[in-house]
Amino acid sequence: MGPFAALVLLAAPFVSGCTTLIAGRGATADGSVMATHSDDGESGGDSRVVKVPAMDWVRGSKRPIYYATEDYPRFVGERGVDAYLPANNPGATPSVPIGFIEQVNHTFGYYEATYGILNEHQVGIGESTCSAVFGASAKGHGGGALFSVDSLSRLAMERATTAREAVALMGQMAEEGGFYGANAFEGTGESLMVIDPSEGFIFHVLPD
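Under the numbering used here, the residues of the sequence shown are numbered 4 to 211, in order.
Please keep in mind that the hints were generated in silico from the structure rather than gathered at the bench. Keep in mind that a hint or two might mislead.
Computed spacing ranges between beta-carbons, pair by pair [unchecked claim]:
1. H207 x E105: 37 to 45 angstroms
2. Y114 x T22: 13 to 21 angstroms
3. G29 x K65: 38 to 46 angstroms
4. P200 x K54: 15 to 23 angstroms
Where is the CB? At the ideal position from N, CA and C, for every residue including glycine.
Make the full structure from the sequences, and use the hints.
Dropping the structure here:
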(Lines of atoms letter the chains of each structure in order from A and count residues from 1; the text may use other names and numbers.)
(Lines give C-alpha, C1' and ligand atoms only; values in the text may rest on other atoms or scores of the structure.)
Protein backbone atom coordinates (compact mmCIF):
# COMPACT_ATOMS: atom_id res chain seq x y z
CA MET A 1 0.00 0.00 0.00
CA GLY A 2 1.42 3.37 -1.02
CA PRO A 3 1.38 6.52 1.12
CA PHE A 4 -1.52 8.01 -0.89
CA ALA A 5 -3.72 4.94 -0.33
CA ALA A 6 -2.94 5.01 3.39
CA LEU A 7 -3.85 8.70 3.53
CA VAL A 8 -7.19 8.03 1.82
CA LEU A 9 -8.03 5.27 4.32
CA LEU A 10 -7.17 7.48 7.27
CA ALA A 11 -9.31 10.29 5.88
CA ALA A 12 -12.36 8.08 5.34
CA PRO A 13 -15.10 8.93 7.87
CA PHE A 14 -16.65 6.30 10.11
CA VAL A 15 -19.91 5.30 8.45
CA SER A 16 -22.81 4.07 10.55
CA GLY A 17 -25.69 3.15 8.29
CA CYS A 18 -27.19 0.42 6.15
CA THR A 19 -25.76 -0.72 2.84
CA THR A 20 -27.87 -2.44 0.18
CA LEU A 21 -27.07 -3.98 -3.19
CA ILE A 22 -29.29 -5.58 -5.81
CA ALA A 23 -28.32 -7.74 -8.80
CA GLY A 24 -30.69 -8.71 -11.60
CA ARG A 25 -30.62 -11.90 -13.67
CA GLY A 26 -28.36 -10.35 -16.28
CA ALA A 27 -25.72 -9.45 -13.69
CA THR A 28 -25.20 -12.86 -12.07
CA ALA A 29 -23.35 -15.93 -13.36
CA ASP A 30 -26.32 -18.29 -12.93
CA GLY A 31 -29.19 -15.88 -13.62
CA SER A 32 -30.16 -15.51 -9.97
CA VAL A 33 -31.72 -12.35 -8.58
CA MET A 34 -30.01 -11.23 -5.38
CA ALA A 35 -30.28 -8.48 -2.77
CA THR A 36 -28.16 -7.69 0.26
CA HIS A 37 -28.72 -5.63 3.38
CA SER A 38 -26.45 -4.68 6.26
CA ASP A 39 -28.50 -3.36 9.18
CA ASP A 40 -25.96 -1.01 10.77
CA GLY A 41 -26.07 2.11 12.88
CA GLU A 42 -28.36 1.19 15.77
CA SER A 43 -26.97 0.97 19.27
CA GLY A 44 -29.82 -1.06 20.77
CA GLY A 45 -31.19 -2.78 17.68
CA ASP A 46 -33.04 -6.09 17.90
CA SER A 47 -30.93 -8.48 15.83
CA ARG A 48 -33.11 -11.58 16.30
CA VAL A 49 -34.17 -13.44 13.15
CA VAL A 50 -37.50 -15.23 13.59
CA LYS A 51 -39.90 -17.22 11.45
CA VAL A 52 -43.48 -15.97 11.35
CA PRO A 53 -45.79 -18.86 10.39
CA ALA A 54 -48.41 -18.80 7.68
CA MET A 55 -51.84 -18.18 9.19
CA ASP A 56 -55.54 -18.25 8.29
CA TRP A 57 -57.83 -15.50 9.50
CA VAL A 58 -61.57 -15.21 10.10
CA ARG A 59 -63.35 -13.08 7.52
CA GLY A 60 -63.69 -9.51 8.80
CA SER A 61 -60.58 -9.68 11.00
CA LYS A 62 -58.44 -6.60 11.49
CA ARG A 63 -54.68 -6.56 11.14
CA PRO A 64 -53.01 -4.43 13.86
CA ILE A 65 -50.23 -2.02 12.90
CA TYR A 66 -47.61 -1.30 15.56
CA TYR A 67 -45.27 1.61 16.08
CA ALA A 68 -41.80 0.83 14.74
CA THR A 69 -39.45 0.57 17.65
CA GLU A 70 -36.33 -1.08 16.30
CA ASP A 71 -34.67 -1.38 19.70
CA TYR A 72 -34.77 -4.67 21.60
CA PRO A 73 -37.41 -6.00 21.98
CA ARG A 74 -38.98 -4.80 18.73
CA PHE A 75 -42.30 -6.46 19.50
CA VAL A 76 -43.91 -8.06 22.55
CA GLY A 77 -47.14 -9.98 22.03
CA GLU A 78 -48.80 -12.77 20.07
CA ARG A 79 -47.78 -13.17 16.43
CA GLY A 80 -47.19 -16.91 16.36
CA VAL A 81 -43.54 -16.42 17.37
CA ASP A 82 -42.36 -17.77 20.74
CA ALA A 83 -39.56 -15.18 20.95
CA TYR A 84 -42.14 -12.37 21.03
CA LEU A 85 -44.32 -13.74 23.82
CA PRO A 86 -44.42 -11.64 27.01
CA ALA A 87 -43.14 -14.63 28.99
CA ASN A 88 -39.95 -14.58 26.93
CA ASN A 89 -39.51 -10.81 27.31
CA PRO A 90 -39.72 -10.31 31.09
CA GLY A 91 -40.13 -6.72 32.15
CA ALA A 92 -40.99 -5.50 28.65
CA THR A 93 -44.26 -3.70 27.96
CA PRO A 94 -46.60 -5.48 25.51
CA SER A 95 -46.84 -3.71 22.14
CA VAL A 96 -49.96 -1.61 21.53
CA PRO A 97 -51.39 -1.06 18.01
CA ILE A 98 -51.47 2.47 16.61
CA GLY A 99 -54.11 1.47 14.05
CA PHE A 100 -55.72 -1.35 12.10
CA ILE A 101 -56.29 -2.37 8.48
CA GLU A 102 -58.45 -5.08 6.92
CA GLN A 103 -56.93 -8.53 7.30
CA VAL A 104 -56.71 -10.94 4.37
CA ASN A 105 -57.97 -14.52 4.62
CA HIS A 106 -54.48 -16.04 4.55
CA THR A 107 -51.01 -14.64 5.29
CA PHE A 108 -47.79 -16.27 4.10
CA GLY A 109 -44.99 -17.54 6.28
CA TYR A 110 -41.76 -15.54 6.30
CA TYR A 111 -38.53 -14.69 8.06
CA GLU A 112 -38.10 -11.30 9.67
CA ALA A 113 -35.61 -9.33 11.73
CA THR A 114 -36.10 -5.59 12.04
CA TYR A 115 -37.70 -5.82 8.59
CA GLY A 116 -39.32 -8.56 6.56
CA ILE A 117 -36.57 -10.66 4.93
CA LEU A 118 -37.91 -13.53 2.82
CA ASN A 119 -41.30 -15.22 2.46
CA GLU A 120 -42.41 -18.67 1.32
CA HIS A 121 -42.83 -17.41 -2.26
CA GLN A 122 -39.19 -16.23 -2.35
CA VAL A 123 -40.07 -12.55 -2.21
CA GLY A 124 -37.09 -10.93 -0.49
CA ILE A 125 -36.37 -7.45 0.85
CA GLY A 126 -33.29 -5.45 1.88
CA GLU A 127 -33.60 -1.99 3.47
CA SER A 128 -31.67 1.26 3.76
CA THR A 129 -32.85 4.57 5.18
CA CYS A 130 -32.14 7.52 2.89
CA SER A 131 -32.55 11.26 2.79
CA ALA A 132 -35.86 13.02 2.14
CA VAL A 133 -36.97 16.65 2.20
CA PHE A 134 -40.03 16.02 4.37
CA GLY A 135 -40.57 14.13 7.61
CA ALA A 136 -43.64 12.76 9.33
CA SER A 137 -44.55 11.19 12.66
CA ALA A 138 -46.64 8.17 13.54
CA LYS A 139 -50.17 8.05 14.89
CA GLY A 140 -50.06 8.35 18.65
CA HIS A 141 -46.55 9.79 18.44
CA GLY A 142 -47.26 13.35 17.34
CA GLY A 143 -48.44 12.66 13.80
CA GLY A 144 -51.00 10.94 11.61
CA ALA A 145 -49.03 8.39 9.59
CA LEU A 146 -49.78 4.70 10.06
CA PHE A 147 -46.94 2.86 8.32
CA SER A 148 -43.21 2.63 8.86
CA VAL A 149 -40.91 0.79 6.47
CA ASP A 150 -40.86 -2.03 9.03
CA SER A 151 -44.64 -2.47 8.78
CA LEU A 152 -44.67 -2.12 5.00
CA SER A 153 -42.02 -4.80 4.58
CA ARG A 154 -43.91 -7.21 6.84
CA LEU A 155 -47.17 -6.63 4.97
CA ALA A 156 -45.34 -7.40 1.71
CA MET A 157 -44.04 -10.64 3.22
CA GLU A 158 -47.52 -11.61 4.41
CA ARG A 159 -49.40 -10.82 1.21
CA ALA A 160 -47.20 -10.76 -1.91
CA THR A 161 -46.25 -13.69 -4.15
CA THR A 162 -43.95 -11.61 -6.42
CA ALA A 163 -41.65 -8.61 -6.05
CA ARG A 164 -43.90 -6.65 -8.39
CA GLU A 165 -46.91 -7.34 -6.16
CA ALA A 166 -44.90 -6.33 -3.09
CA VAL A 167 -43.92 -2.98 -4.60
CA ALA A 168 -47.50 -2.20 -5.64
CA LEU A 169 -48.86 -3.23 -2.23
CA MET A 170 -46.38 -1.17 -0.20
CA GLY A 171 -46.94 1.88 -2.40
CA GLN A 172 -50.71 1.64 -2.04
CA MET A 173 -50.52 1.18 1.72
CA ALA A 174 -48.14 4.14 2.14
CA GLU A 175 -50.40 6.39 0.07
CA GLU A 176 -53.59 5.38 1.85
CA GLY A 177 -52.37 5.19 5.44
CA GLY A 178 -49.44 7.61 5.43
CA PHE A 179 -45.75 6.85 5.85
CA TYR A 180 -43.37 8.01 8.58
CA GLY A 181 -39.60 7.70 8.33
CA ALA A 182 -36.88 7.06 10.85
CA ASN A 183 -36.26 10.75 11.67
CA ALA A 184 -32.66 9.72 12.36
CA PHE A 185 -29.27 10.84 11.11
CA GLU A 186 -29.75 9.00 7.80
CA GLY A 187 -32.92 10.88 6.86
CA THR A 188 -36.66 10.29 6.71
CA GLY A 189 -36.99 8.41 3.42
CA GLU A 190 -36.55 4.72 2.78
CA SER A 191 -35.33 2.48 -0.01
CA LEU A 192 -36.10 -1.21 -0.28
CA MET A 193 -34.45 -3.75 -2.56
CA VAL A 194 -37.38 -6.01 -3.50
CA ILE A 195 -36.70 -9.27 -5.32
CA ASP A 196 -38.12 -12.61 -6.38
CA PRO A 197 -36.55 -15.34 -8.53
CA SER A 198 -37.35 -13.41 -11.73
CA GLU A 199 -37.26 -9.67 -11.02
CA GLY A 200 -35.76 -7.04 -8.76
CA PHE A 201 -36.91 -3.50 -7.96
CA ILE A 202 -35.64 -0.53 -5.96
CA PHE A 203 -38.62 0.87 -4.06
CA HIS A 204 -38.39 4.41 -2.68
CA VAL A 205 -40.87 5.91 -0.23
CA LEU A 206 -40.89 9.22 1.62
CA PRO A 207 -43.31 11.22 3.78
CA ASP A 208 -45.40 13.98 2.19
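* To do: Please test the hint of 38 to 46 angstroms on the beta carbon pair from G29 and K65.
  => Given about 42 angstroms between the Cβ atoms, the range holds.
* Could you check the hint for me, namely that H207 and E105 are 37 to 45 angstroms apart, CB to CB? => With a Cβ separation near 26 angstroms, H207 and E105 fall outside 37 to 45 angstroms, so the hint is violated.
* Could you say whether the range 15 to 23 angstroms given as a hint is met by the Cβ separation of P200 and K54? => holds (20 angstroms)
* Asked: That 13 to 21 angstroms hint for Y114 and T22 (C-beta), does it hold up?
  -> holds (20 angstroms)
Hint compliance for this structure: hint 1 alone is broken.
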